[in-house]
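S.K.: Sequences listed follow chains D and V, in order. Under our numbering, think of the first position of the first sequence as 1395, with each following residue one higher. Under our numbering, think of the first position of the second sequence as 60, with each following residue one higher.
Everything labelled a hint here was simulated from the structure, so no lab data went into it. In this text the structure is predicted, and so the values were computed from the model without any measurement. Please note that a few of the clues may not be correct.
[Stated by the list, open to error] Which bits of chain V does chain D cover? Going by a derived footprint, with three or more residues having C-beta under 8 Å, they are:
id, region
1, 80-86
2, 94-100
3, 128-138
[As the list claims (entries may be wrong)] In silico contact screen, one side only, chain V against chain D (beta carbon under 8 Å); selected entries:
id, residue
4, Leu-73
5, Leu-76
6, Pro-151
The C-beta atom is built at its ideal place from N, Cα and C for all residues, glycine as well.
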Amino acid sequence: MGNTDYEGVIGLEVHAHLLTESKLFCKCSTRFGAEPNSHTCPTCMGLPGALPVLNRKAVDFAIKLGLALNCRINRRSIFARKNYYYPDLPKGYQISQYEEPICEDGFIDIEAGGQEKRIRVKRIHMEEDAGKLVHEHTIETSTYSLVDYNRSSIPLLEIVSEPDITTPEEAVAYLKTLRDILLYLEICDGNMEEGSFRCDANVSVRKKGSKELGTRTELKNLNSFKHIEKSLNYEIRRQIELIEAGGRVIQETRLFNVDEGITYSMRGKEEAHDYRYFPEPDLLPLIISNEWIEEIRSVLPELPGEKTKRFIEVYGLPKYDTEILVSDKDLSYYFEETVKTFPEPKTVSNWIMTELLRELKERNIKPFEAPLSPQYLGELLTLVKDGTISIKIAKDIFPELMDKGVSPKTFVKEKGLIQISDEAEIASAIDRVISLYPKEVEEYRFGKEKLLGFFVGQVMKETKGKANPKMLNELLLKRLKT
Amino acid sequence: MKITREEIEYIGHLSRLELSPEEVEMYTLQVGRILEYMEKLKTLNTEGVVSTSHAMPIKATIRDDGVSPSFTIEESLSNAPDRFGAFFRVPPIIEVDE
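Isolated chain D (complex conformation):
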């Protein structure tokens, strides 16, 4: 960040698309990727006379997130109109929440740079998304804009943090933690490329130790963790340099240019922020009962933070393993299911982090889509443990087991892969190898001990990889000495 006299002050606004079937105020589908303007109706197109009716599930989801982020759930909240003219906003206003949002005053605990930190959540409010503008070429050179209203009125939660974040690293940690929570709650798919998890950042800088907030800029268009970190770094540096050179920061919206790695001023044609909010007359106050909240609370899943702690405590896993396993809810379930059949957590974790993850990635599938079920993985590891097959064989057949979804026990029996643990059989393979390589045996006995590996390899070849490695080693050493 260059100048260390300054610190960044960052507040984040996250927009999360909710995984409802239908839109926030009408029954049009929320499915991504449909033909443009095929998920529209009088309500989400803002035709005169159409009235909004609130989707219960969107409220369920808002309560869920509010509880997960330690917020107060307001028993009464109201919707408001945010007025502005833009082609992606068919009604000329967006239905949002302003003065009385559904959730307030929560927090998210994050970890960045080895430090734990609590970031306060100011509010979560419900709102509808706008339509989508598509541009020919780039946004700068386009001679017209195209509008698709499929996205218009898809339910969003906007999660607003307090400006407690001081570094780009913390910002990314906050966003990743929040995204993980949304995924665990199964209320948002977290897809940044498709725009279902979007982030704007308010950034200012101040001298360290100062309590006053500087003038802030708003960064938009941040659609990957990498871009967020880069643009925040750039923007903080830009503001510090500006102030040090005697200039001052102008309050404005800036866009991040991915190719150049810089932020630049975006100026719309219109007066920036005069939204003239007022209570939405078409929607009555949203009243949430204690029973409703308790019902949601009772189905809250274990969240990533708690799970991480439990995995470390109960399974004695290293932090590194835990982070990988917990980062994907399904993977953490897969792990726990496997441990039920093979109760050696660290071994299970190793196999999941290396073999399983590699094969999942190669096939581009989720843990539970793998034909190799947790039970089968447990079975495979048991075969290794009781010496039926070697680790090497287990690793070799892993991809095939992933494809076939058959019992590893049956598989190794049918393929004749069961480890040779018969001393006489291994000894005779050793004899064959030794008679084939008299020169190497001579060299070994004269001190070229690294040839041992060569002999092991040859015997393995001789036994098609099935020799019990431990026995092979012992017998080979003994044999070479005589």
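Using the hints, position chain V against chain D.
M.R.: Coordinates of chain V only, in the frame set by chain D:
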């Protein structure tokens, strides 16, 4: 006067209304009168009264999540002044200052 001509012009612009000088004059007077009346209401003692955004003491009706058929693309675009395939086409909306 509770509101200035400039403010009326500004609000007119935000609302995309083209106002003639006579209209600006007229609305300045009319809106001014409404605001004066509001001032009068403000003098009432409303201590202990919960702020009201809706006249009736009823709560929102809520529906269950579920999809029903939407417009066809043709229906959707039937009021479009200009179109491009299945999209509405509008003038460009961004000006950028480097």
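S.K.: All the hints need checking, so say for each whether the structure fits it.
M.R.: Evaluated hints:
For a cut-off of 8 Å, the count of residues in the region 80-86 of chain V with a CB near a CB of chain D stands at 0, and the three-residue condition is violated. For a cut-off of 8 Å, the count of residues in the region 94-100 of chain V with a CB near a CB of chain D stands at 0, and the three-residue condition is violated. Only residues whose beta carbon comes within less than 8 Å of a beta carbon in chain D count, and the region 128-138 of chain V has 6; three or more means the coverage holds. The closest approach between the C-beta of Leu-73 of chain V and any C-beta of chain D is roughly 6 Å, which is under the 8 Å cut-off, so the hint is satisfied.
A hinted interface residue such as Leu-76 of chain V counts as satisfied when its beta carbon comes closer than 8 Å to some beta carbon of chain D; here the least separation is about 11 Å, so the hint is violated. The interface hint given for Pro-151 of chain V is met, as the beta carbon of that residue sits about 5 Å from the closest beta carbon of chain D, less than 8 Å.
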